[in-house]
Amino acid sequence: MALHRLSFRLRQTATYVRSLHTSGCGQQQAAVAVESESETFSVCRAQENDPACQSEKHLGQYYTLPSAHVRTLFPHGLPWRYQQQVKTFNEACMMVRSPALEVISCLKKTDTSKPAVRYLFYGLKGSGKTISLCHAVHFCYTQGWLVLHIPDAHIWVKNCKELLPSSYNTSRFDQPLQATEWLRNFKVTNEHFLSKIKTKQRYVWTKRESTEEGSALGELVDQGITRVKSSSDVVGAVMKELRLQSGQPESNFRLAVAVDGVNALWGRSTIKKEDKSAVDPEELTLVYNLKKLMKNDWTGGAIITTLSQTGSLYTSKSAYLPHELLGEKGFDKMDPFIPVSVPNYSEKEFESCYLYYMDRHWLQHPQSHTEEGKKELVFLSNRNPSMLERICGSL
Amino acid sequence: MASHTCKTFLSLGRINVPGLGLQKTASRAAYATGLPVNTSAGNKGLPDRSGRGSSVRKPKRDVGEPRTKKMPVDQDWTAVYPAATPFRQDSIPLPVRMGYPVKGGVPPEKKGNLELIKIPNFLHLTPAAIKKHCEALKPMCTEWPSTLDTDAKCDEHFPIKAESTDYVSAGPSVRNPSARIVHLKVKLSSLNLDEHARKKMLKLVGERYSKDTDILTITTDSCPLRQQNYDYAMYLLTVLYHESWKTEAWEAEKTVADMEEYSWEDSPSQRNILDVLVRMKVVGEGEGQDVREQLLGRKEVQEYKDSVTRLKNEGESEDAMLQYKEAVKKVFNL
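Protein chains in written order, with the working numbering: chain A, 1 to 395; chain B, 1001 to 1334.
It should be emphasised that the hints constitute simulated quantities derived from the structure, not laboratory data.
Hints should not be assumed to be uniformly reliable.
As the list claims (entries may be wrong) - Below 25 Å or equal to it, Euclidean Cα-Cα: the simulated DSS-like pairs (lysine-lysine) are:
{"hint": "1", "chain 1": "B", "residue 1": "K1330", "chain 2": "A", "residue 2": "K295"}
{"hint": "2", "chain 1": "B", "residue 1": "K1325", "chain 2": "A", "residue 2": "K108"}
{"hint": "3", "chain 1": "A", "residue 1": "K291", "chain 2": "A", "residue 2": "K200"}
{"hint": "4", "chain 1": "A", "residue 1": "K333", "chain 2": "B", "residue 2": "K1329"}
{"hint": "5", "chain 1": "A", "residue 1": "K295", "chain 2": "B", "residue 2": "K1329"}
{"hint": "6", "chain 1": "B", "residue 1": "K1305", "chain 2": "A", "residue 2": "K329"}
{"hint": "7", "chain 1": "B", "residue 1": "K1299", "chain 2": "A", "residue 2": "K333"}
{"hint": "8", "chain 1": "A", "residue 1": "K57", "chain 2": "B", "residue 2": "K1161"}
{"hint": "9", "chain 1": "A", "residue 1": "K295", "chain 2": "B", "residue 2": "K1254"}
{"hint": "10", "chain 1": "A", "residue 1": "K109", "chain 2": "B", "residue 2": "K1325"}
{"hint": "11", "chain 1": "A", "residue 1": "K329", "chain 2": "B", "residue 2": "K1329"}
{"hint": "12", "chain 1": "B", "residue 1": "K1161", "chain 2": "A", "residue 2": "K333"}
{"hint": "13", "chain 1": "A", "residue 1": "K114", "chain 2": "B", "residue 2": "K1254"}
{"hint": "14", "chain 1": "A", "residue 1": "K108", "chain 2": "B", "residue 2": "K1330"}
{"hint": "15", "chain 1": "B", "residue 1": "K1299", "chain 2": "A", "residue 2": "K114"}
{"hint": "16", "chain 1": "A", "residue 1": "K229", "chain 2": "A", "residue 2": "K291"}
{"hint": "17", "chain 1": "A", "residue 1": "K109", "chain 2": "B", "residue 2": "K1329"}
{"hint": "18", "chain 1": "B", "residue 1": "K1330", "chain 2": "A", "residue 2": "K109"}
{"hint": "19", "chain 1": "B", "residue 1": "K1329", "chain 2": "A", "residue 2": "K114"}
{"hint": "20", "chain 1": "A", "residue 1": "K114", "chain 2": "B", "residue 2": "K1325"}
{"hint": "21", "chain 1": "A", "residue 1": "K333", "chain 2": "B", "residue 2": "K1305"}
{"hint": "22", "chain 1": "B", "residue 1": "K1305", "chain 2": "A", "residue 2": "K114"}
{"hint": "23", "chain 1": "A", "residue 1": "K108", "chain 2": "B", "residue 2": "K1312"}
{"hint": "24", "chain 1": "B", "residue 1": "K1329", "chain 2": "A", "residue 2": "K57"}
{"hint": "25", "chain 1": "A", "residue 1": "K125", "chain 2": "B", "residue 2": "K1312"}
{"hint": "26", "chain 1": "A", "residue 1": "K333", "chain 2": "B", "residue 2": "K1330"}
{"hint": "27", "chain 1": "A", "residue 1": "K329", "chain 2": "B", "residue 2": "K1254"}
{"hint": "28", "chain 1": "B", "residue 1": "K1131", "chain 2": "A", "residue 2": "K333"}
{"hint": "29", "chain 1": "A", "residue 1": "K292", "chain 2": "B", "residue 2": "K1299"}
{"hint": "30", "chain 1": "B", "residue 1": "K1118", "chain 2": "A", "residue 2": "K333"}
{"hint": "31", "chain 1": "A", "residue 1": "K291", "chain 2": "B", "residue 2": "K1060"}
Given the sequences, and given the hints that come with them, work out the whole structure.
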């Protein structure tokens, strides 16, 4: 054991000696070394940080999201593991990949007078659908659109701690906790829009409280956050207002609706009523209003969604195609939509990810720096982004 | 040369046999006869009766040579075992051994082996015997019709095939209850069915139809005799055929969920796409019906229709999704 340690130390000193030699031998060599480093630096990083200006030549490269954007745009939107990564690396970097670029190019060409086009990201588990959605949402944000982001529709159909019968319609059920949570995050994302948009209708909450016509959207949202009981109806009202107003000639905003795990709206729920019978997602106010938004009868924006098997209930683990996860009803409601497949990393993308982790000094294991190690990583993860991230996390 | 060697082997065998026989008898005596043979002691115990005892006993006949020694190699085996008889160790020139081996030894030989006698043997059914049986049966058979030389012709003239199994076993009884099962196989393409009749037949028959081979298999085993089962199967086939041609009043209530394949007309998909196109104002304002006709006639809509039908009927796959994506993009002009 001691011998081993000795040899390791000797090896280390040997490498140090070698590097000293090279630096001593000539500045040229050092310059070459620095240049090759900066080359690798640029190979995995894009110089272009604005999603609007990214194109095919940036494919496979990482671009940095400004931290101010991350704080406002994604208070709840990023996946948990990615949030941890952002905290560890002190920067939020996303890879530019073709599915997101495709959707962004279509979004650039959207016509505000036409009905909203629906995009659906689908793919194997862990292939990067949520990150692609966040990429597209970042683009919308930088273009000044109003972003309505539901990070995971599955949390609205399961693990509900409080279920109230709806005050507006007695056959439906309210979920005040989730509604207030969402309203808070919505407020953080769209601060500057809240004062500009005015309500077109009068909303009566209780005998004493009502929101008048023409008041700012911000007031409506505050009403929902403070009065927890009516928060689900406030969410419905907000969605209705935005739907009616976007695309109208007098409104100057475009609406981007981003839903992750859209198959939850047409699936089953685990919430039970008092008599232990299951609640149909239709009967939940939040889900009901969101479904109305999913219909493309409004103009002036786009609907970007992803399928997610991870949180979904009563679906098999290997299901990833739209029909399997959405079901017949969901497919008919979403039809016609543009399905965008999100595959595992290609060779180039894998290289780029590997270089990024090396650059961030995330791979500490000595063998991971070798070619053999890289081949092992390819084999173990099958170039699946989330698997690769998990494996590298333990190295 | 060969015959010479055989003869020498035989002679060797003959020479060896007495020696082996002696050894055999000796070894036999070693384990078979565990009980002490004290005939002399018995005799001594009864001196009064022994006066005539030894002479009254019948003289033992000599055992004689086993038949195997006299068998030529090219003999007619069917004469040795013409019918089903138990194992006779002297008639079978094979050094067969059977049974649990002695400790440190081999399974016991065939001489006096009860195990070999207990089991059923098929020595009376060797290929030579079967040939003789076939030759005997041939005058009673009729010839296969010469025009039915291919499988296709057989299917064409005899579309219904009835299959049943006969079982042969050696036991107390020749009957086997599994012999009553009858499988009736028909190809649906050979039956005269129109669209409605075919769909109804498939729904009536359910699991018994195989889509890959287009064969309907009716299996009957409810009656005790094979002939009864065959008649029942033919009756079922007749009833299915006639019922599927009839149309009942309640068949008009067939819902979308009952349909076997997806038809795009009047589906939510068609309504959606027309809705979207109308709102996009792709075609100029006009009457509702005209606009519909115009929209349906467009190439992109036809392509969209093909891709949706393909997705729903064939199930999902990557390239079906790609086709659908291209069609939707064209409709939206992206």
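Going through the hints against the structure:
1. B:K1330 <-> A:K295: Holds - the C-alpha atoms of K295 (chain A) and K1330 (chain B) are around 20 Å apart, at most 25 Å.
2. B:K1325 <-> A:K108: 18 Å, holds
3. A:K291 <-> A:K200: Status holds; Cα separation ~21 Å.
4. A:K333 <-> B:K1329: With a Cα-Cα distance of about 18 Å, the restraint between K333 (chain A) and K1329 (chain B) holds, given a limit of 25 Å.
5. A:K295 <-> B:K1329: 18 Å, holds
6. B:K1305 <-> A:K329: 18 Å, holds
7. B:K1299 <-> A:K333: 23 Å, holds
8. A:K57 <-> B:K1161: With a Cα-Cα distance of about 66 Å, the restraint between K57 (chain A) and K1161 (chain B) is violated, given a limit of 25 Å.
9. A:K295 <-> B:K1254: Status violated; Cα separation ~29 Å.
10. A:K109 <-> B:K1325: 17 Å, holds
11. A:K329 <-> B:K1329: 22 Å, holds
12. B:K1161 <-> A:K333: Judged against 25 Å, a Cα distance of about 49 Å means the pair is violated.
13. A:K114 <-> B:K1254: The hint is violated at about 38 Å.
14. A:K108 <-> B:K1330: 16 Å, holds
15. B:K1299 <-> A:K114: 20 Å, holds
16. A:K229 <-> A:K291: 22 Å, holds
17. A:K109 <-> B:K1329: Roughly 12 Å separates the two Cα atoms, so the pair holds.
18. B:K1330 <-> A:K109: 14 Å, holds
19. B:K1329 <-> A:K114: 14 Å, holds
20. A:K114 <-> B:K1325: 19 Å, holds
21. A:K333 <-> B:K1305: Distance of about 16 Å is within 25 Å: holds.
22. B:K1305 <-> A:K114: With Cα atoms ~21 Å apart, K1305 (chain B) and K114 (chain A) stay inside 25 Å; holds.
23. A:K108 <-> B:K1312: 31 Å, violated
24. B:K1329 <-> A:K57: Holds. K1329 (chain B) to K57 (chain A) sits at ~23 Å (cutoff 25 Å).
25. A:K125 <-> B:K1312: With a Cα-Cα distance of about 23 Å, the restraint between K125 (chain A) and K1312 (chain B) holds, given a limit of 25 Å.
26. A:K333 <-> B:K1330: With a Cα-Cα distance of about 20 Å, the restraint between K333 (chain A) and K1330 (chain B) holds, given a limit of 25 Å.
27. A:K329 <-> B:K1254: 19 Å, holds
28. B:K1131 <-> A:K333: 73 Å, violated
29. A:K292 <-> B:K1299: With a Cα-Cα distance of about 30 Å, the restraint between K292 (chain A) and K1299 (chain B) is violated, given a limit of 25 Å.
30. B:K1118 <-> A:K333: 76 Å, violated
31. A:K291 <-> B:K1060: 107 Å, violated
Hints 8, 9, 12, 13, 23, 28, 29, 30 and 31, counting from the list given before, are not met by this structure.
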